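Q: Please model the complete structure; the sequences and the hints are all you need to start from.
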Amino acid sequence: MEQLDPGLARERTKLAWARTAIAFTAVGGAILKKEPVAGLIVLAMTPLIWGLGRFVGHTAGRPELQPRRLLAVTVTVVAVSLLAMVIAFVGHPPTSLRDLLPLHG
Amino acid sequence: MEERRAARDGHDDHDRGSSHAPTEPDARFTLANERTFLAWNRTALALVVAGLGIAQLLPPFPGVPWGRHALGIPLIALGAAVSVISYAEWRRTQAALRRGAPLPRSVLPRVLAGTIAGIAALSAAVLLVSASR
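Chains A and B supply the protein sequences, listed in that same order.
Taking the working numbering, the leading residue of the first sequence gets -15, the next gets one more, and so forth.
Taking the working numbering, the leading residue of the second sequence gets 596, the next gets one more, and so forth.
Read the hints as simulated data drawn from the structure, not as lab findings.
Among the clues, some could well be false.
To be verified - Covered by chain B, according to a simulated footprint, are these stretches of chain A (three or more residues, beta-carbon under 8 Å):
(1) -6 to 2
(2) 10 to 20
(3) 23 to 32
What the hints assert, rightly or not - Taking beta-carbon pairs under 7 Å as the criterion, some of the chain B residues facing chain A (in silico):
(4) ARG623
(5) GLU629
(6) LEU640
(7) TRP685
(8) ARG687
Quantities reported herein were computed from a predicted structural model and do not represent experimental measurements.
We put the beta carbon where it would ideally sit given N, CA and C, even for glycine.
A: Next comes the structure, spelled out in structure tokens:
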């Protein structure tokens, strides 16, 4: 097998993290106009994900950290989608527990 | 340093040339796995935006007041599901890489295709119902 420079793969992976961070900006922007607070919260995920992405290739000595970085991405995406679901259902972010009840009148 | 993992593995004849940790896969495969995971999560976020757009930006279907929610909310839920499944698949693939085993097939393309087809069919149904009202 050719021994290609893994540096290129690292660079591609860093770019993938950047694209993922930017995807949060897209979601935050979509929410921002109608729900500024919720939109800002989602936008704030962008630098978080960006920060996680900076560790590409640096956890080689501690591979057990890898799952946590990626799990953090999944947790964030699921949290954002739950927020989006409430906004889609109710028309605004949850302001009280009643908004989270499944059968909202 | 990786003795624990090597002892569990049993056979290390799939060493890809790395001089240390024989069960730690080639960095390029690990990175490719990571990029795949991130790509699925971007897809998940795109589904969330799509669902949100449908629920919030479309004018209501005449005669079908719940129409936008019936279409938008499954898309958002699909986004969450894709993200969770992609993490599980990342772990399975990473484990397979360590063992030198064949990589597991991803269930996500079928899940995505099936759900989107279902939502498309539902959209057609909602449109038909609202056109008849």
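Q: Of the hints stated earlier, which fail here?
A: Checked against the structure, the hints that fail are numbers 3 and 8, while the rest are satisfied.
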